[in-house]
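Protein chains in written order, with this note's numbering: chain P, 1 to 409; chain V, 410 to 840.
Hints in this document: simulated from the structure, not taken from any laboratory.
Using N, Cα and C, we set each Cβ at its ideal position, and we do this for glycine too.
A hint or two may mislead.
Stated by the list, open to error - Derived pair list, reagent style DSBU-like, types lysine-lysine, alpha-carbon separation capped at 30 angstroms:
id: 1; chain 1: P; residue 1: Lys219; chain 2: P; residue 2: Lys305
id: 2; chain 1: V; residue 1: Lys760; chain 2: V; residue 2: Lys834
id: 3; chain 1: V; residue 1: Lys760; chain 2: V; residue 2: Lys666
id: 4; chain 1: V; residue 1: Lys834; chain 2: P; residue 2: Lys305
id: 5; chain 1: V; residue 1: Lys834; chain 2: P; residue 2: Lys126
id: 6; chain 1: P; residue 1: Lys126; chain 2: V; residue 2: Lys440
id: 7; chain 1: P; residue 1: Lys126; chain 2: P; residue 2: Lys305
id: 8; chain 1: V; residue 1: Lys666; chain 2: P; residue 2: Lys305
id: 9; chain 1: V; residue 1: Lys545; chain 2: V; residue 2: Lys760
id: 10; chain 1: P; residue 1: Lys305; chain 2: V; residue 2: Lys545
Unchecked claim - With the C-beta cut set under 7 angstroms, the calculated list includes, among others, these residues of chain V facing chain P:
id: 11; residue: Leu446
id: 12; residue: Asn452
id: 13; residue: Thr456
id: 14; residue: Tyr694
id: 15; residue: Trp810
What the hints assert, rightly or not - Pairwise CB distance ranges (calculated):
id: 16; chain 1: P; residue 1: Leu384; chain 2: V; residue 2: Gly610; range: 35 to 43 angstroms
id: 17; chain 1: V; residue 1: Pro516; chain 2: P; residue 2: Ile115; range: 13 to 21 angstroms
id: 18; chain 1: P; residue 1: Ile115; chain 2: V; residue 2: Ala603; range: 57 to 65 angstroms
id: 19; chain 1: V; residue 1: Leu470; chain 2: P; residue 2: Gln65; range: 50 to 58 angstroms
id: 20; chain 1: P; residue 1: Thr152; chain 2: V; residue 2: Pro472; range: 15 to 23 angstroms
The primary structure of each chain is shown beneath.
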Amino acid sequence: MTAMSDAPTQSFRLSMLLYDTRYRGYTIQFIVILFVVLAVGYLVSNLFANLAEQGVVLTYDFLEQPAGYDINQTLIEYNNQSSHLRASVVGALNTLLVAAMACVLATILGVFAGILRLSNNWLVAKLMAIYVEAFRNVPVLIWIIIINTVVTSVGSSPRVFLTRGGSVEPESSLFLGMFAFTNRGLYIPSIGLGSGWLVVLLAFVAGILGFFAWRSYVKKKLFQEGSLLPAWPAWAILFGPVILAMVLLPGALTILRPDVASNNFNIQDGVLLGRPLLALWLALSIYTGAFIAENVRAGILAISKGQTEAAAALGLRPGRIMNLVILPQALRVIIPPLISQYLNITKNSSLAIAVGYADITATLGGITLNQTGRAIECVLLLMLFYLTISLSISALMNVYNNSVRLKER
Amino acid sequence: MSDTHAQTVAFVRETEIPPSPPPASEAGVIKWLRENLFSSIANSILTILGLIAVYYIVVGLGPWLANSIWQSDSLAECREILDGANGACFAVIRERWNQLLFGFRYPVDEYWRPALAFVLLFVAILPVLFSHLPRKLLIGTALYPFLAFWLIWGGSVLIPIVALLGFVVGAVAYSMISARSFVGAIAAAVIAAAATWWAGGLLLRIGADFLALRAVPSRDLGGFMLNMILGTVCVSLSLPIGIVLALGRQSNLPIIKVLCVIFIEFVRGVPLITLLFVASVILAYFFPPESNLDLVLRVIIMITMFASAYIAEVIRGGLAALPRGQYEAADSLGLDYAQSMRLIILPQALKISIPGIVNVAVGLFKDTTLVAIISMYDLVGLIRGPILASTDWNGVYWELWSFAALLFFVICYGISQYSQWLERKLATDHR
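Turn these sequences into a full structure, and let the hints steer you where they fit.
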């Protein structure tokens, strides 16, 4: 039997910092930290030297001053006497508005195009391939400008819709009696809140809660007793209360159509989606839809045919194969890139400045920056805003990814 | 007695009947139509909708293209020639061709220089794209950046030569010492290169006019050339930086990891346009007043930062996709970190990441148009600004924008097709 000899106890030598793997990590990190601190220190000292030379102090006081410019599309109260801060908030809300609208439309377009590109219909598959390739391979800025040009040149003057109190036969009538597409933008009906609208809202919320409660009850029943309840009550619970509330309180919610009769120069009432918003919304949706189509296609192709066949062999009906076997697997592939496309939409919405839509880049990073000359403060705030959105969406995505991750050993 | 009725039956066929042609509905065009366009009611509806869409596109675009006019000096003249008919006025592209490609300030006599650099770009990039070409061509690729710089920006030929010489001297110093000490070799390379550049700087003062091309300042660059320059420079610079960032993010040294994560997440969290704002209005504050970085250089710095964060994430995906066994195998062979990365991990990880890297490269090339927002005259800025604002061509939207779109489409589609080809070629696994 051989006795294990102890490793010779060494005293610490300086060369071990470089050649001993136990210490080398510390040396490398120390050098990197040193370089980073030196570089950042150099840049920041330059910054302060330059600022001192120009006699500028970093301050956010300018946010309190009146902005002095008008914004054509606002979600909250705003006039040109409001502060720069309020202008930035208007811009931030506008960014979120166009991003949310574009996310919805892009998803619809993308899912349709992705599925149709896999269709066995030659013509449709080719058309969708052309759509996807054309939009994926041309800069989004060019598409925004092109679609803005289309929206501008296709829309007619609001005048052609006007009836002047019923005295004139209008050249064109409202689409479905509710929508007017003009060169100022798209007029859509607004919803008027009468007395009792809160009841309708509560009924709607109750319906949603009831819907999920019923679903989990069905699931519990199925797993415990093996009896499958029908699916239709879920939909009845979802829509029943809100329909009932609307029937009982007829004046709670009213649809206000764009009014073409009361004014001789412009359409009244309704909501105007301004031309810049419309152009940006369509452009971002169609552009990102092409990317989402590719994600959807990849997700569907990632599920091997064996899965469908195995599910069929177990005796599942086609609808249940889709719901229980294919979709859960395909969604795991589709949703992460889908969410990063949503992030891209939010970031690309900063190109609003090219069509004159007042998002946060155009207000805070554009007019406010140019008027006050506070470049560093404005751009920092701008970055902070986008970072907050991106990081919170990424955090949500990580939660989702962890919940659907394949549980492996 | 045989059971056959050979003698009793009047006729026995001795040869096979030639196969009869398939029914008309199961052959040729009709079969194809039935299978691919009208296989079910839903499919037939889709086909008809598709045909209607194609019809409207053809009716809308057909006459516009067919009546297009290539010879005219202004939109008004175009309209006169068209005389009310629907037609495109592509004459603007012919008349402004040089502006669209080179910008409106690049000296006219020197157009051959960027054009030559553009052609040489393909020569330089070919051995990178196609690995079966002789490897010696890579020398040309290494020389290309210096040559292209000289051609586009002009100035004395000594500038690129000194820059190149610095790299060569550094590489020689590295290879001489690297066998003994890695750190020493790096230090020697940096010192040798710096010394060469310093000495070269002295030489440049004397020979500033030696073989000098007419110098063109960066602010005179423009048009599609600017997009190409920004795209190629930023992609090629961001690849190595991205690899380093990805390795840093996967490293087990906590401080390095945190630094890389902060950089990557910060850059990926903000839109490129805010980084370009930084380049145009803020970045100058961070350098000494006398340094005078020009706008193109500042934009290159910011776009490279942007692209390297995205490339780092793609490569991190490739690194994470490698089975743990590869890392352990490299360790058990006794390779150190640099060797195991260079010989085992990165070749595989980069191969997996190729589609992602190409996607980032295409996206980045498209995003170079964003410099138009900070008032640089790239292709988009040039069309939006000088051309559409000129009295001759005010209102020629469709022709110009479709030309710009087509230019980008050709290049981006080409790159993505190449990437798919490469993916098939590199696929060594069996599916």
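Evaluation of the provided hints:
1. Between Lys219 of chain P and Lys305 of chain P, the direct Cα distance comes to roughly 28 angstroms. Compliance with the 30 angstroms bound is thereby established for this hinted pair.
2. Under the criterion of a C-alpha separation no larger than 30 angstroms, the hint pairing Lys760 of chain V with Lys834 of chain V is consistent with the structure, at around 11 angstroms.
3. At most 30 angstroms may separate the alpha-carbon atoms for a hinted pair to count; Lys760 of chain V and Lys666 of chain V meet this at roughly 23 angstroms.
4. A C-alpha spacing of about 25 angstroms is found between Lys834 of chain V and Lys305 of chain P, which places the hinted pair at or below 30 angstroms, so the restraint holds.
5. At roughly 25 angstroms between alpha-carbon atoms, Lys834 of chain V and Lys126 of chain P fall within 30 angstroms of each other, so this suggested pair holds.
6. With a C-alpha separation of about 19 angstroms, the suggested pair Lys126 of chain P and Lys440 of chain V falls inside the 30 angstroms cut-off, and the hint holds.
7. Among the hinted pairs, Lys126 of chain P with Lys305 of chain P is consistent with the structure: their alpha-carbon atoms are about 23 angstroms apart, no more than 30 angstroms.
8. For the proposed pair Lys666 of chain V and Lys305 of chain P, the alpha carbon gap of about 41 angstroms is over 30 angstroms, so the pair is violated.
9. Restraint check for Lys545 of chain V and Lys760 of chain V: the C-alpha separation of about 23 angstroms stays at or below 30 angstroms, so the hint holds.
10. Of the pairs offered as hints, the one joining Lys305 of chain P and Lys545 of chain V is violated, with about 47 angstroms between alpha carbons and a cut-off of 30 angstroms exceeded.
11. The criterion of a C-beta within 7 angstroms of any C-beta in chain P is met by Leu446 of chain V, whose closest approach is roughly 6 angstroms, and the hint holds.
12. Annotation: Asn452 of chain V was flagged as interfacial toward chain P, and the flag holds, the nearest CB pair being 5 angstroms apart, inside 7 angstroms.
13. For Thr456 of chain V, the suggested interface contact is upheld, since its CB lies about 5 angstroms from the closest CB of chain P, less than 7 angstroms.
14. Taking 7 angstroms as the C-beta cut-off, the interface hint given for Tyr694 of chain V holds, the closest approach to chain P being about 5 angstroms.
15. Interface restraint check for Trp810 of chain V: the shortest CB-CB distance to chain P comes to about 5 angstroms, inside 7 angstroms, so the restraint holds.
16. As the Cβ distance of Leu384 of chain P to Gly610 of chain V is approximately 42 angstroms, the hint placing it in 35 to 43 angstroms holds.
17. Roughly 53 angstroms separates the CB atoms of Pro516 of chain V and Ile115 of chain P, a value that falls outside the hinted 13 to 21 angstroms.
18. Distance hint check for Ile115 of chain P and Ala603 of chain V: the Cβ-Cβ separation is about 59 angstroms, which falls inside the suggested range of 57 to 65 angstroms.
19. The hinted range of 50 to 58 angstroms is satisfied by Leu470 of chain V and Gln65 of chain P, whose Cβ atoms lie roughly 51 angstroms apart.
20. In this structure the supplied range 15 to 23 angstroms holds for Thr152 of chain P paired with Pro472 of chain V, their Cβ-Cβ distance being about 22 angstroms.
In this structure, the earlier hints numbered 8, 10 and 17 are contradicted, and the remaining ones agree with it.
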